[in-house]
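According to the working numbering, the sequence shown is numbered sequentially starting from 1110.
Accuracy of the hints is not assured; some may be wrong.
With a straight-line cut-off of 25 Å between C-alpha atoms, the simulated SDA-like cross-links for lysine to any residue are [what the hints assert, rightly or not]:
(1) Lys1534 with Asn1726
(2) Lys1823 with Gly1748
(3) Lys1500 with Glu1459
(4) Lys1815 with Tyr1778
(5) Lys1826 with Thr1857
Label pairs and their in silico Cβ distance ranges [stated by the list, open to error]:
(6) Tyr1834 with Gly1607: 21 to 27 Å
(7) Tyr1834 with Asn1556: 23 to 29 Å
(8) Gln1491 with Gln1741: 50 to 56 Å
(9) Gln1741 with Ala1569: 54 to 60 Å
(10) Asn1376 with Arg1445: 19 to 25 Å
(11) Asp1836 with Pro1661: 33 to 39 Å
(12) Cys1712 with Gly1362: 33 to 39 Å
(13) Tyr1704 with Cys1394: 27 to 33 Å
(14) Thr1255 with Val1888: 28 to 34 Å
(15) Ile1626 with Thr1887: 38 to 44 Å
(16) Ile1486 with Val1888: 51 to 57 Å
(17) Arg1821 with Glu1892: 24 to 30 Å
(18) Ile1528 with Cys1394: 27 to 33 Å
Calculated from the structure, these hints are not laboratory results.
Glycine is no exception: its CB is placed at the ideal position from the N, C-alpha and C atoms.
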Amino acid sequence: MDNPWRARGRARGPRPPPPRQPQQFRGPQTLPPRFGNMPPLVAPQQQFRGPQPLPPQIKNLPPQVVSQQEIRPSEVEAVGQITNRNNNLATGHASMPIGRGAVRGRQPIENGYFRLERPVSSKSDNGKQGKGGQSIELISNYFPITTYTDWSLYQYRVDFKPEQDRINIKRGLLRAHKEFLGAYIFDGTMMFSRKKLESDTIELTSKRNTDDQIIIITLKLTSVIEKGDYASIQVFNILLRKCLANLELTQVGRNYYDSVAKIGIPNHRLQLWPGYETTIGMFDCGLLLRAEISTKVMREDTVLDFLIECSNNRNSNPNWMMAFKMGVIGSIVLTRYNNQTYRIDDVDEESCTNSTFLKKDGSSISYIDYYKNRYGINISNQKQPMLISKKKKSFRIEGEETELVYLVPELCTMTGLTIRMSENKTLMRDLAQYTRVDPTGRIVKYNNFIKRVHTTPKSADTLAQWNLTLSNKLITVNARVLSEENLSGADSHKYPSGKNANWTSNLRNIAMFRRAIILFWVLVTPRQHSSDVGKFIDTLLMVANGLGFTLPRPRIVELPDSNMRTYSVELDNIVNTLNPPFILCVTASARNDLYSMIKRKLCVSRAVPSQVVLLRNIQNNDKSVCTKIAIQINCKVGGAPWKVSIPELGMMIVGFDVFHDKQNKNKSYGAFIATMEDSHTKYFSCVEKHESGQEISTYFSTSISKALIKYREKNHKLPNTIVIYRDGVGDGQLTYVHKTEVEMVKKTCREFYGEKKVGLAFIIVKKRISTRFFCKTTVGKNENYQNPPAGTVIDNSVTDPTMSGFRGWAGWARAHPKCSKTITLILNIGI
């Protein structure tokens, strides 16, 4: 079939079968696509009549009539996470294995998260809390749960004979006996019940209305979940999600949004859906519900619109299909017909909406006919290539399967903002009117949310059924504000960091701690902007002199235009002929491709320190901007702007983070940095690339070895103490980090230190969290709220009761609230 969308170039990953041959599969792929199991491509559901259950029976009795009710797939998937994470659950009496079916044929999964045993001195009532600083009372976005289940949850394995494939049918067969079972949650394999049934094994009988098939349902007790067990917290979160669904909110991804209250921005073809991020957890002060407002940016353009836009540029860009793939692969799209989000992993040019796939009954159907029959959607474009999304299981385990989900571009709405959109100041200003909510406005939204939960009958009934009572008041937390740190400049001149942790103004008249010597440097700019650049240079040299940094006037290289090729050719010529120690490039626009080219050439190809500056940022000759640029130049050529006094000598401070490539999930990069002397102003750094399936810990330990060798070369000895700050680790990864990365670091230290003891601390830093803190201010009779001051520490109430850690507030913002940072210590040896 002739496909007008075909072009040269091919996306990464597997390829689906060609039209009319759904069983064939080409390309490097371990498993063939499983069309029948793909969420958007399931066969149309059959409708069932009302249920007519019979009482449960301890032994086999003649089966009776039961039928099914429609169940929301979102609830099924969410509850399914419970049984998948708990292969063995601790009970009040013994460890009872769940047995066959609990993890749906997967290999055993270690449940629970790693917890470092807290020091004995910290286990008293106030042992975990610090004492320094000034006390301050804060309000956080947590609602206390005043009452919750004081009884056990009973977990049953549910088997159907004959076996049923569809979870909706299973739910319907079991739901017909709800009067006998009482309140329960069923995920297709396991059932969680409030009450213990008459026997550990019970059989229920039903008859399927579609074919009068007799179904025997066997319930077998497998575990008792006691109060406070981790699994019970997960059950509470599932109940919370049911309450949100009862608020008539729409689930998009993991969160819920109010599509009725959406805000349209027609000038930019955008919609904003207000919503909530919620979770229930156990904290130092008890069980809490965290609620955070969220806004989903929904674009009105579809992937097909973007495809047509790229196709229209085929004359100017022969590689337009590759441009389309680069713009789509790695992005998140929303399918409005089921409000599900998918990450696009590939584009198949050889299949289209006329292609067919096999349903579970063995019949073949085209995508056009499927969406027409299943959703009543008429697809207008029959030649558009299909999108591919790899749907993986919830847990990364050996031998996991990957399902390929085929999506129609016309039915996929783009989400998020492109780079071009984020660079549009008008668009971002319009968005900020709705997305940047000040602290007082957030408090109002939190209170409106909990009021909505309490006043919605279905939500209130769900909470009452499971004995959950939510407070209508936000929690109050006692915190501490640490005193300001002093920074040191040249000649041990000290100055405060400032109440708002902004000390830029203090730098203008104080010499930097260590000033590099630079004899000449080069500035590259388009010729038409030379006048503005000349004024910028005058201001830059003036502020650099105030910083004690002798910066000579640069050699200016004017370019005839702003084309990327012009920059590339001229930079090669500058490096070959002048070999300058530093190059500053002025660009007229924030083009990501131009910036990437400059950095690749001057960081990878030619290794010359460089700085890229936008023209609009220097046109006003702002002294604060010029001060920051002067500081960066000094740092990049070997200087240091300031230092902070750290009493401990012989300490090496390490930072490590991992970057995951959005367009190629198989590639990740580990970034490592370590201090090399007691002033902590000189560093060793390295970057390691690793492929999917390779252990990050191996590269981490290699980087530690390189840093220790470099430290020994510079100081003629090894550090006495090593403090590691590890970023980008979620709660579910703590076990992995402790058992792999920490153990590899300890092994590396033994290789260098032998039997000699070394102080070693491994600290997890989490920045992307939804916890917010506010302090109350009274203006007249009105109560207002603002962000806490910089240096605020929260080490009680909303912290993990099983771990040594705290929440810190390092920065300050005047209007919109900033996120706190969670600091967790998972290893402490000799410190």
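Hint check results:
1. Lys1534 with Asn1726: With Cα atoms ~13 Å apart, Lys1534 and Asn1726 stay inside 25 Å; holds.
2. Lys1823 with Gly1748: Given that 25 Å is the threshold and the Cα spacing comes to 17 Å, the pair holds.
3. Lys1500 with Glu1459: holds (21 Å)
4. Lys1815 with Tyr1778: Holds, at roughly 17 Å.
5. Lys1826 with Thr1857: holds (16 Å)
6. Tyr1834 with Gly1607: 21 to 27 Å: holds (23 Å)
7. Tyr1834 with Asn1556: 23 to 29 Å: violated (36 Å)
8. Gln1491 with Gln1741: 50 to 56 Å: holds (54 Å)
9. Gln1741 with Ala1569: 54 to 60 Å: With Cβ atoms ~56 Å apart, the hint holds.
10. Asn1376 with Arg1445: 19 to 25 Å: At roughly 22 Å between Cβ atoms, Arg1445 and Asn1376 fall inside 19 to 25 Å, so the hint holds.
11. Asp1836 with Pro1661: 33 to 39 Å: holds (38 Å)
12. Cys1712 with Gly1362: 33 to 39 Å: holds (35 Å)
13. Tyr1704 with Cys1394: 27 to 33 Å: At 47 Å between Cβs, range violated.
14. Thr1255 with Val1888: 28 to 34 Å: holds (31 Å)
15. Ile1626 with Thr1887: 38 to 44 Å: Given range 38 to 44 Å: violated, Cβ gap about 54 Å.
16. Ile1486 with Val1888: 51 to 57 Å: Holds: the Cβ-Cβ distance is about 54 Å, inside 51 to 57 Å.
17. Arg1821 with Glu1892: 24 to 30 Å: Check failed, 58 Å falls outside 24 to 30 Å.
18. Ile1528 with Cys1394: 27 to 33 Å: For Cys1394 against Ile1528, whose Cβ atoms are near 43 Å apart, the range 27 to 33 Å is violated.
Taken one by one, the earlier hints fail for this structure at numbers 7, 13, 15, 17 and 18, listed in ascending order.
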